[in-house]
Amino acid sequence: MTTQTAQPWRLDQRIRVTGGEVAARVLGEGPPVVLVHGTPAWSYLWRDVAPLLARRHTVYVWDLLGFGESRAAPATAPSITRQARTLAELLAHWNLDAPALVGHDIGGGTVIRAHLVEHVPASHIALVDAAVLGPWNTPFTEHQQQHADVYRTMPPDIFSDLIAARFRTATHRALTPESAAAYLAPWTGHDGQQRWLDQVAAVSFEDTRDAVARLGEISVPTLVLWGEQDQWIPLSTGERLAAAIPGARTATVPDAGHFVAEDNPADTAAALLRFLA
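For what it's worth, this note's numbering labels the leading residue of the sequence shown as 1, then goes sequentially.
Everything labelled a hint here was simulated from the structure, so no lab data went into it.
Since the model is a prediction, treat every value here as computed from it, not as a measurement.
Just to be clear, a hint being listed does not mean it is correct.
[Unchecked claim] Here are the computed distance ranges between Cβ atoms for each label pair: (1) 56 with 147: 40 to 50 Å; (2) 148 with 74: 13 to 23 Å; (3) 74 with 254: 38 to 48 Å.
Just so it is clear, CB atoms sit at the ideal spot from N, CA and C, and this is done for glycine as well.
Please construct the entire structure, taking both the sequences and the accompanying hints into account.
Given below as structure tokens:
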């Protein structure tokens, strides 16, 4: 069940990376865990999960390039390939050797590519409603890619109405007005609209193809965690993903759609803590 966050979600670090500037935050104390959100969310997704994990772990959260408060450099496509390289740079910046890596949606694809292609060590890997096995673009994403000029020139208020409707399908429970506004905030106005379409254009399961071919090489403990009511990537995809990874554990989160950490942060955090114990 969604909980109420006492304080506004803020990222207090700004880190220069090859592809731009990353907004990040570190909280808690203990073995390191890095949380990687997906599209079209930002680190706000983790706001109620991160403090629960931080009771036992040092938790690192960041906004993907082009998302939230992070900014991609001019002419830098915010692809999964770029995000995986950025993750490798961030771990070097934080002096993390082999943290636990948790990836949601394309954050899962980012984590898998970072580990298997960029050779980023990990102690544990958790894939949460992860965009790894392709093709995983939704029909709406495909339509935007095919008609990008229409979406880029659409009046911003009309565009905002479209993506607000999109967010409503990401959760099993209705978003509160405050949460809905927070998810929409990075994509508002002309600049936000163009950033949204930049990331839509850059997202492709082709960036996970190399990693998918090597899933059998994963040797660290792996959890595949899925929302039971995910309308974007079905539970059966999570089952196929787990079957492709040697020894992978599976778990589901009740009363949760694709944005599991939004719908049910308590059970999401509990599943991760059990896995990381």
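Against the structure, the hints:
| no. | hint | result |
| --- | --- | --- |
| 1 | 56 with 147: 40 to 50 Å | holds, 47 Å |
| 2 | 148 with 74: 13 to 23 Å | holds, 18 Å |
| 3 | 74 with 254: 38 to 48 Å | holds, 44 Å |
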